[in-house]
Amino acid sequence: MHNTQLDTVAHAGKTPEVEQPWAALGLNAEEYGRIRDILGRRPTEAELAMYSSMWSEHTSYKSSKVHLRQFGEKTTEEMQQHMLVGLGENAGVVDLGDGWAVTFKVESHNSPSYLEPFQGAATGIGGVVRDIISMGARPVAVLDSLRVGHEDHEDTARIVKGAVAGVGHYGNILGVPNIAGETAFDAVFQGNPLVNAGAVGVLRHEDLRLAQASGTGNKIVLFGARTGGDGIGGAAMSSAAFDDEGAANTPVVQAGDPLQENVIIEATLELFATSLVEGIQDLGAAGIACATSELAAGGDGGMHVELTNVLLRDEGLSAGDILMSESQERMMAVVTPENQTAFEQIMEKYGVEYSWLGEVNDSGRLTIDWNGERIVDVDPTTVADGGPVYERPYARPEWLDTVQADTFRASDAAASLPETGEELKAAVIELMASANMADRSWLTSQTDTSVGGNTRQAAPNDSGVLRVDEETGMGIGLAIDCNSRYVYLDPYVGSQLAVAESYRNVATSGATPLGISDGLNFGSPEDPGVMWQFAESTRGIADACMELGIPVTGGNVSLYNQTVDTPIHPTPMIVTLGRYDDVATAVPSWLHPAFDGSAIYLLGETFDELDGSEFAHLRGHLGGVPPKVNLAKEQQLAGLLSNASRTHMLDAAHDLSDGGLAGALSDMVLAAGVGVRINLDYITERDGIDAFTALFSESQGRALVAVPLSEEVRFRGIAESRNYPSLRIGVVDASSQALELQDLFAITIDELREGWATALPKRFGN
Amino acid sequence: MSKPKIGVVMFDAATDAASVIRAVELAGGQPVKLHPKTTTAPDVADLRVVILPGGFSYGDYLRPGALAATQPIMSVLEDAVKAKELTVVGLGNGFQVLTEAGMLPGGFIANTTPGYHHAEVEFMVENTVSALTNAYEAADVIRLPQKAAFGSYTATETELEALEANGNVIVRSKDSSSGSARDIAGISSDDGLVLGLMANPEYAIEEGFGTDHPDGPGLGVDGQGLFISVVRAAGATNAEGVVGA
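Protein chains in written order, with the UniProt record's numbering: chain X, 1 to 766; chain W, 1 to 245.
Everything labelled a hint here was simulated from the structure, so no lab data went into it.
Treat each hint with caution, since some may be false.
[Said to hold, decoys possible] Calculated from the model, a selection of chain W residues having no Cβ within reach of chain X, i.e. all distances over 10 Å:
{"hint": "1", "residue": "Ser-2"}
{"hint": "2", "residue": "Ala-13"}
{"hint": "3", "residue": "Asp-16"}
{"hint": "4", "residue": "Ser-19"}
{"hint": "5", "residue": "Arg-22"}
{"hint": "6", "residue": "Val-32"}
{"hint": "7", "residue": "Pro-72"}
{"hint": "8", "residue": "Ala-119"}
{"hint": "9", "residue": "Ala-155"}
{"hint": "10", "residue": "Gly-179"}
{"hint": "11", "residue": "Ile-205"}
{"hint": "12", "residue": "Asp-212"}
{"hint": "13", "residue": "Gly-216"}
{"hint": "14", "residue": "Gly-218"}
{"hint": "15", "residue": "Ala-236"}
[Said to hold, decoys possible] Per label pair, the in silico range of CB-to-CB distance:
{"hint": "16", "chain 1": "X", "residue 1": "Glu-73", "chain 2": "W", "residue 2": "Gln-30", "range": "28 to 36 Å"}
{"hint": "17", "chain 1": "X", "residue 1": "Asn-643", "chain 2": "W", "residue 2": "Glu-207", "range": "22 to 30 Å"}
{"hint": "18", "chain 1": "W", "residue 1": "Asp-175", "chain 2": "X", "residue 2": "His-648", "range": "32 to 40 Å"}
{"hint": "19", "chain 1": "X", "residue 1": "Gln-742", "chain 2": "W", "residue 2": "Val-141", "range": "35 to 43 Å"}
{"hint": "20", "chain 1": "X", "residue 1": "Asp-582", "chain 2": "W", "residue 2": "Val-141", "range": "43 to 51 Å"}
{"hint": "21", "chain 1": "W", "residue 1": "Thr-154", "chain 2": "X", "residue 2": "Asp-681", "range": "57 to 65 Å"}
Since the structure is predicted, the reported quantities are computational estimates derived from the model, not experimental observations.
Backbone N, C-alpha and C fix where the C-beta goes; we use that ideal spot for every residue, glycine too.
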């Protein structure tokens, strides 16, 4: 791209025959032709860079758009009643009442995190936090969801250690607590791990800001870090699969500077508080190219930029490089001429560098000059919103019949299943020592969960709980979930199960679910089988949300997650946001010694559902169909749980998901070393199943609750009146120091803890 | 009676500052934010106590506390301490700033287990007259969050002996998990006007948002006493008056 002659608009008009590197920039011939048609000439180098970045899959959603429309269509007025800002903006905004609102979002940073896990994950947090600031909100929490390769593969430690440290490093220095997350290990993610970072912000209604450049004569300003050569072409890279070498061929991972972002957050919030900005946009994928075209397209449609004014870290950058650079910690704002001085004073107060780039006009064109010569002259809507939209062909893959027919029960893996007390005991210990079920404190102790002083609950609880209003105690609950194996076995049902689990987790902690945001991670959309998974998954999510009566508030799509021809398991990560009138009613997911003597109830029914389960995974089997989903039941259960917690009937509540009853009981017991006595007979008799199934089946719509003796009558009353299956299966026995299943086995807590506590540290250090 | 004013230095990325401010308010003090670039004494002239809050001042770049220690306000604070007009308290990273600035002896090295970790730790209060610990009884055991990547206190044998001999070890960890020399967690200068604690008591001040407690999760509020101590010190007629030297 470094030609000796500057490729100006005038020059491009005179040299239609120049060969341009459109293919290397990720465009196809048709797309390139379309750009020439729009402009009536060939694009300049800078214009080509802009179009290719903005029309990339990562930025334009060209393959996913037709399916994402359902999220806006399958909705009702009632579902939208709490939405202040819906789909299409940087992040959706949900009303919390009393003038408060919350915005939340999850974003993928998968390909950079494979190449450089620490920086990839760190800048993933940085980017999603800037999205939240752009809405006018103060970031109050981050969360993360990781999918990495097999726990014993030689490359896994590099990824998981780097990603966890990166998430921690960046979030910690920002001073934003990490309150929820999950990590799963599976060989299918070996060459293409998933690193999704989420952020949550709160704001007062009047502080809401959108990415719009309105008002002719208003000034455009770039502030924050200087622009360097890092991350050029990142958006295009994220839209390509890794090749055999396992990596793209250019250094495209950006380096993060969380101190800079910390200062930018404070400076930006002061700009909002003093009403000094008309519109604001963070710089992420495709940098200045994206920010200028989106701001202009969202406003009055015209903007002029002097690219020479951009402050650089490296003076050798070409105009195209400057437009495409994905240097972190940069923001772009629109400021009225009267407010310029006040704006500058705030920047100087915080020691933040800024440069005035240009102004808004009513020309309908985005024009960019470099050293006095015009290098970009485009209609910004054609760049920001005019990209191609594909109706990619999709078809149910043929292999799926074979996979679904291969049920766990009929497989060799089930040839000998644990039956006796001793065998079941060994299986529980083995399950809890597996990488997917083991103690997460090695991960979570590396992130600051309490900074800000509003964290009511974080790991190892089912959901993170955060106070928003110190006066009233009003607050939010958040959980992020997805069982990728279920989605692989049946993308429609599996995606509904992801919604159900996330929703259930928030309700289990006592909140009322208000909405979801999704992070959709799939393989190549050019593979009709993958595209079918995507179509089915989005249909499943939209239908589930419609039935649960909660809106999809926003989301992120990451495609081309595959190694050569092998796509990842489709992974639509679902974040559910819930609301508390007062976070003091939040319920922990584990047993505290103070809960001694409380009764343990199992809510919901257990069926023989082991396909895709954690137990089947432990035995190396993946086949069959996922558990049945019953969203009406999930809604009933959520209502029951949030009602019981709001009225102080519960000591603890834990949803049943990965690892079924065995996993949930062990989690509850291990967190603080508090024993329980359980009798499985009640379950096996009522549901007509054996002890093994009762322990390891992953049937949905279930939760364990600990109810103080004083509340049992009331609790039984509401479970009965709501007609939800409920069984008293045991009691908390704090002094027993054991997980005791009467007439079957007793595991001392020390015995159970040994493998559980060491599984991650022994592999990944410390 | 007006509330005693307590300064809180707002170093960039001193991420615990907001919680320290809340803790000062709950303890009955009136927090006053101080800009780290302040070079003139008037900003601190009517203050008896200034807190350097914890977090990751200046991103922990170079070394934790190293860049904060070079901020202009530090010499203003040092001069006021020399004039016996001010008590300076460093919490967590704020303690690191004080050792980096040479206002307290010793320094900090990486945790025994490398990397940032947060955990709840039990401490023994060994000095009940300092500006930071006067609200406790001797041998009180308190449970506080501790968040650090470089949380191990170290000093020369001579310095350690001097700290012990002068009763300047004010708080000690109950176990050796921090890797600190002699399990030291909190120290005082000889004149009692400069104090540091490697812990984050500002996250153990509100029921439900505190540490683990026998009565239930998050009910531990042992950090309150540290802020009550500081507010008492600030309310005393003069800074020396509360240091029972």
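Okay, the hints, checked on the actual structure:
no.: 1; hint: Ser-2; result: 23 Å, holds
no.: 2; hint: Ala-13; result: 5 Å, violated
no.: 3; hint: Asp-16; result: 7 Å, violated
no.: 4; hint: Ser-19; result: 4 Å, violated
no.: 5; hint: Arg-22; result: 6 Å, violated
no.: 6; hint: Val-32; result: 18 Å, holds
no.: 7; hint: Pro-72; result: 13 Å, holds
no.: 8; hint: Ala-119; result: 7 Å, violated
no.: 9; hint: Ala-155; result: 26 Å, holds
no.: 10; hint: Gly-179; result: 13 Å, holds
no.: 11; hint: Ile-205; result: 8 Å, violated
no.: 12; hint: Asp-212; result: 8 Å, violated
no.: 13; hint: Gly-216; result: 5 Å, violated
no.: 14; hint: Gly-218; result: 7 Å, violated
no.: 15; hint: Ala-236; result: 27 Å, holds
no.: 16; hint: Glu-73(X) - Gln-30(W): 28 to 36 Å; result: 54 Å, violated
no.: 17; hint: Asn-643(X) - Glu-207(W): 22 to 30 Å; result: 24 Å, holds
no.: 18; hint: Asp-175(W) - His-648(X): 32 to 40 Å; result: 35 Å, holds
no.: 19; hint: Gln-742(X) - Val-141(W): 35 to 43 Å; result: 38 Å, holds
no.: 20; hint: Asp-582(X) - Val-141(W): 43 to 51 Å; result: 31 Å, violated
no.: 21; hint: Thr-154(W) - Asp-681(X): 57 to 65 Å; result: 58 Å, holds
Checked against the numbered hints above, the structure breaks hints 2, 3, 4, 5, 8, 11, 12, 13, 14, 16 and 20 and satisfies the rest.
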